[in-house]
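Please model the entire structure based on the sequences and the hints provided.
Listed below are the residues making up each chain.
Protein chains: 2
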Amino acid sequence: MKYEREALASLLKILERIYDQMSRGEVPEIDIATRTKYNIEFDEKSEVWVYGDRRSTRSAKTVRGAYMLLRMAYVIGFLKEQLKANKSSTLRELYYISENWGMAKFDEQAESDRLIEDLEILTSFQREHFRIRPEEDGATVIGPLRIRENTRRGIREIHCQEDVGEGGYQIPVNVDNIEFIDHDADFVIAVETGGMRDRLVENGFDEKFRAIVVHLKGQPARSTRRLLKRLNTELGLPVVVFTDGDPWSYRIYASVAYGSIKAAHLSEYLATPSAMFVGIRPSDIVKYDLPSDKLTDKDIQALKAILTDPRFDTEFWRSEINLQLELGKKSEQQALAKYGLDYVTDVYLPERLTELGVLK
Amino acid sequence: MKYEREALASLLKILERIYDQMSRGEVPEIDIATRTKYNIEFDEKSEVWVYGDRRSTRSAKTVRGAYMLLRMAYVIGFLKEQLKANKSSTLRELYYISENWGMAKFDEQAESDRLIEDLEILTSFQREHFRIRPEEDGATVIGPLRIRENTRRGIREIHCQEDVGEGGYQIPVNVDNIEFIDHDADFVIAVETGGMRDRLVENGFDEKFRAIVVHLKGQPARSTRRLLKRLNTELGLPVVVFTDGDPWSYRIYASVAYGSIKAAHLSEYLATPSAMFVGIRPSDIVKYDLPSDKLTDKDIQALKAILTDPRFDTEFWRSEINLQLELGKKSEQQALAKYGLDYVTDVYLPERLTELGVLK
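Just so you know, the sequences run in chain order Z and W. FYI, our numbering numbers position 41 of the first sequence as 48, with every residue one higher than the one before it. FYI, our numbering numbers position 332 of the second sequence as 339, with every residue one higher than the one before it.
Read the hints as simulated data drawn from the structure, not as lab findings. Certain hints may be false.
When chains are identical, the list treats them as one kind, so a pair holds in a single copy or across two.
Computed cross-link-like contacts, DSS-like style, restricted to lysine-lysine with a CA-CA straight-line distance of at most 25 Å [stated by the list, open to error]:
(1) K336 with K294
(2) K44 with K311
(3) K345 with K215
(4) K301 with K112
(5) K87 with K345
(6) K44 with K301
(7) K215 with K94
(8) K94 with K345
(9) K94 with K311
(10) K112 with K52
(11) K367 with K294
(12) K91 with K44
(13) K112 with K294
(14) K87 with K52
(15) K345 with K294
(16) K91 with K215
(17) K112 with K94
(18) K91 with K345
(19) K112 with K345
(20) K68 with K20
Here it is as structure tokens:
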């Protein structure tokens with residue numbers, strides 16, 4: 008598969024550097040970008056948020072640092088064997104495999120997950136290229152798009168309306184194994200909840216509006232974000248994100264559009280900066296008189312955190328978030344059902360998509 | 008689609024009975040099975056757990072009962088309109104739709120969910136036949152099976168190895184729209200976690216052992232359980248359930264094999280009494296020296312609850328559960344990776360499946 012040999016070469020280079028340091032009689036160390044929200048900055052060129060200049064050092068001067076380098080050596084060794092055997096594994100399996108590494112055994116999965124992130128940052132490759140799979144599932148796609156997937160069982164050509172059931176096409180873990188063959192789409196709509204995804208499909212939204220409907224399943228997996236990015240850049244399709252109207256949903260939008268803080272090193276591959284928010288806005292709660300729930304303390308906390316998040320530092324978000332704190336309410340995308348099952352596809356979405364210039 | 012007209016007729020009968028009671032000058036009431044674990048019993052004929060004889064009455068003598076009957080009338084009216092318009096809706100949408108019902112509006116979704124369950128029990132149909140969809144997703148299937156799905160967009164014929172990507176075939180919400188055309192399978196294996204499902208697929212378990220691999224995604228959706236039931240009864244295939252070794256996983260097995268307490272009225276449609284447990288057993292933690300975690304207080308509570316659950320009243324479960332409480336440990340299916348990525352498909356599953364007579 009694509010990039011795997013290069014990724015391995017890059018992993019082995021890390022070990023060579025450590026080996027060289029040791030053979031020069033130096034205490035080995037590794038330098039890596041610090042991962043917090045205080046160290047992400049906007050990259051004008053790629054229009055995504057990436058890590059800034061702050062760096063942390065992992066040095067064998069401390070026992071903790073020495074363990075970390077030892078584990079890294081074991082993990083890279085395992086990844087090399089795995090690639091040779093034409094296998095892949097989950098983050099969870101990797102953690103269990105370390106059971107046999109004696110002192111290098113991980114104490115909890117958070118450690119091995121973090122080490123894989125370190126390797127991504129150090130090599131500029133993605134864990135999919137090391138053949139490390141996430142536990143989460145890919146979501147689904149339905150719409151006027153024909154793809155070719157390179158599977159272990161051979162090539163599969165699939166049209167995402169004609170060759171799939173009502174459940175749609177299941178996005179595989181490694182989206183780079185997909186090629187886009189052709190399409191009749193005008194835009195892509197990424198939908199937070201399964202209920203709303205099913206509503207759009209039942210109402211024939213994908214056919215009527217020439218839309219590719221992607222189900223996000225809550226906070227989207229990397230494979231889903233990667234697919235959206237590729238649909239946007241390779242096919243030149245606008246991407247809109249349709250979510251509930253609460254802080255968790257705004258974060259879902261942000262992770263699609265700007266990348267997540269935890270994976271800012273992958274923003275270039277995963278983020279779709281031009282993605283537009285068509286989710287429920289706090290002002291919609293008033294405008295459409297939507298059924299709503301009271302904000303919980305956790306919601307309020309999360310909204311306040313968003314006000315200090317650089318990804319949301321725009322006039323639109325500040326005024327909507329402040330309005331929401333004032334209203335003390337949140338509302339779900341399915342709340343539009345108050346006006347009947349067709350309202351969302353006949354009125355709400357066409358209005359908003361026209362406003363945003365996605366529909367002409 | 009199948010059964011929908013009959014389901015509607017049966018719904019309308021409920022209202023006719025209420026109407027008749029009222030026109031005779033009686034206070035209307037409805038009699039319905041009580042839903043608790045103290046009112047489920049084993050039905051020898053169908054070999055599943057069903058509700059017993061305890062019944063509750065919803066009567067308009069109380070304000071609460073009167074509201075309940077009023078809401079039922081509104082819901083049945085909505086279901087009738089929905090069927091006429093060739094639509095379906097989610098449980099969540101139904102709740103929001105009631106916004107326009109004045110006094111009959113639901114205060115929270117739990118109420119409308121429960122009312123739909125009442126209607127299932129009263130009519131002996133399933134909510135899918137009323138075109139009420141759950142919010143959860145169907146899971147996926149991969150294996151030597153060819154199906155025909157009747158979608159709103161026409162008939163789709165799909166082979167669950169040759170016509171799908173690595174993600175597999177996505178199970179639709181209404182499994183009764185699927186027909187089985189042909190298959191080359193010897194058995195069905197239902198797998199709890201996505202990581203293990205991907206492991207079996209990567210290792211070619213479905214091809215080598217002629218197995219249909221169904222991903223349960225944790226506690227399985229009704230559509231998934233219905234599919235397993237149909238694969239078992241219509242194709243005569245044994246079903247085995249492969250889960251983690253903790254109380255939540257035993258409950259997953261139980262919901263496949265015996266039906267859930269909340270939906271005991273549907274056990275006949277959803278439960279596969281002959282399903283065998285091939286998940287991690289407490290005795291496996293010792294036998295295979297598996298990496299394990301300490302039981303939490305919640306785990307211990309849940310294990311103790313299982314000891315009083317009639318569905319687990321067998322020698323096998325009693326001794327395994329007691330052993331687990333003694334060990335104070337639980338273990339996951341992916342823990343088998345301690346012995347390498349192929350151990351589960353080369354050793355663990357073949358051994359256990361031979362023991363159980365599924366493999367010869």
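Here is how each hint holds up against the structure:
1. K336 with K294: Cα proximity of K336 and K294: one copy only (13 Å, versus 54 Å across).
2. K44 with K311: within (15 Å within a copy, 44 Å between copies)
3. K345 with K215: Result: close within a single copy only, 23 Å intra versus 51 Å inter.
4. K301 with K112: between (46 Å within a copy, 18 Å between copies)
5. K87 with K345: between (55 Å within a copy, 18 Å between copies)
6. K44 with K301: neither (28 Å within a copy, 34 Å between copies)
7. K215 with K94: between (42 Å within a copy, 17 Å between copies)
8. K94 with K345: between (50 Å within a copy, 15 Å between copies)
9. K94 with K311: neither (44 Å within a copy, 40 Å between copies)
10. K112 with K52: neither (41 Å within a copy, 52 Å between copies)
11. K367 with K294: Within. Shortest intra-copy distance 23 Å satisfies the 25 Å Cα cut-off; inter-copy 66 Å does not.
12. K91 with K44: neither (37 Å within a copy, 53 Å between copies)
13. K112 with K294: between (56 Å within a copy, 21 Å between copies)
14. K87 with K52: neither (34 Å within a copy, 56 Å between copies)
15. K345 with K294: This pair counts as within: shortest intra-copy Cα distance 14 Å, inter-copy 57 Å.
16. K91 with K215: For K91 and K215, only the inter-copy Cα distance (22 Å) is at most 25 Å; the intra-copy one is 48 Å.
17. K112 with K94: within (21 Å within a copy, 55 Å between copies)
18. K91 with K345: So K91 and K345 pass the 25 Å test across copies only (19 Å; inside, 56 Å).
19. K112 with K345: Answer is between; shortest inter-copy Cα gap is 11 Å, intra-copy 54 Å.
20. K68 with K20: Close inside one copy (21 Å), not across copies (79 Å); limit 25 Å.
Checked against the numbered hints above, the structure violates hints 6, 9, 10, 12 and 14; every other hint is satisfied.
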